[in-house]
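The sequence shown stops at residue 175 when you use our numbering, and every number in between is there.
Since the hints were made in silico from the structure, they are not lab data. Ideal Cβ positions, reconstructed from N, Cα and C, are used throughout, including at glycine. Take every hint as true, because none was put in to throw you off.
Pair ranges (Cβ atoms, derived):
{"id": "1", "residue 1": "G41", "residue 2": "E21", "range": "35 to 45 Å"}
{"id": "2", "residue 1": "S63", "residue 2": "T149", "range": "28 to 38 Å"}
{"id": "3", "residue 1": "E89", "residue 2": "E137", "range": "26 to 36 Å"}
{"id": "4", "residue 1": "H103", "residue 2": "I2", "range": "36 to 46 Å"}
{"id": "5", "residue 1": "E137", "residue 2": "E21", "range": "39 to 49 Å"}
{"id": "6", "residue 1": "H103", "residue 2": "H4", "range": "39 to 49 Å"}
{"id": "7", "residue 1": "Y19", "residue 2": "E56", "range": "29 to 39 Å"}
{"id": "8", "residue 1": "T67", "residue 2": "E21", "range": "20 to 30 Å"}
{"id": "9", "residue 1": "A43", "residue 2": "Y13", "range": "40 to 50 Å"}
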Amino acid sequence: MIAHRSPTTNRRYYTHDQYLEYRGLKAVEQGQTIVYARVSGLAQKPDLKNQINALETYCQAHSIPITMWVQDVGSGLNYKRKGFNQVMEMVELGQVRRLVIAHRDRFVRFGYSYFEAFCARHNCDIVVLNEETLSPEQEMVQDLIAITTVFSARLHGLRSYKRGIKDAALHKDPH
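Starting from the given sequences, assemble the full structure and let the hints guide the process.
Structure follows, in structure tokens:
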């Protein structure tokens, strides 16, 4: 693999395509449209179906051909979601031209602007059905509410976990 050299500093650098080649991956011709839907928990499965129906209706109304549907059940702060990582890798490889989501927080709960910039750098447009225009103050308040909600739910989960351990210890047979 031949390195390029910057004209001012004479430093070596490699292109994105060279990086993909090095990893044994080949950039595929861009052009896929992925529709991504997510809910936080299994109890919200009916909401997932409603979200998918709304996304499908939107795509049909706007003549957007759908190449792939991706769904996740998990927290928007959990970046280890299988579908989310699949989408991000496909974007990185240049395989995705358009990503359609119902709302920003359905993709990620926090730090959306980073993922939006990442997609833009990889020539992927994000289409958000319910795009709200908020002032910086309103965005900050929504971010704080999202963080508080997520961590209060985790705190509640920890209490349930501790209670389960305590109950198990009390009912343990000493012999």
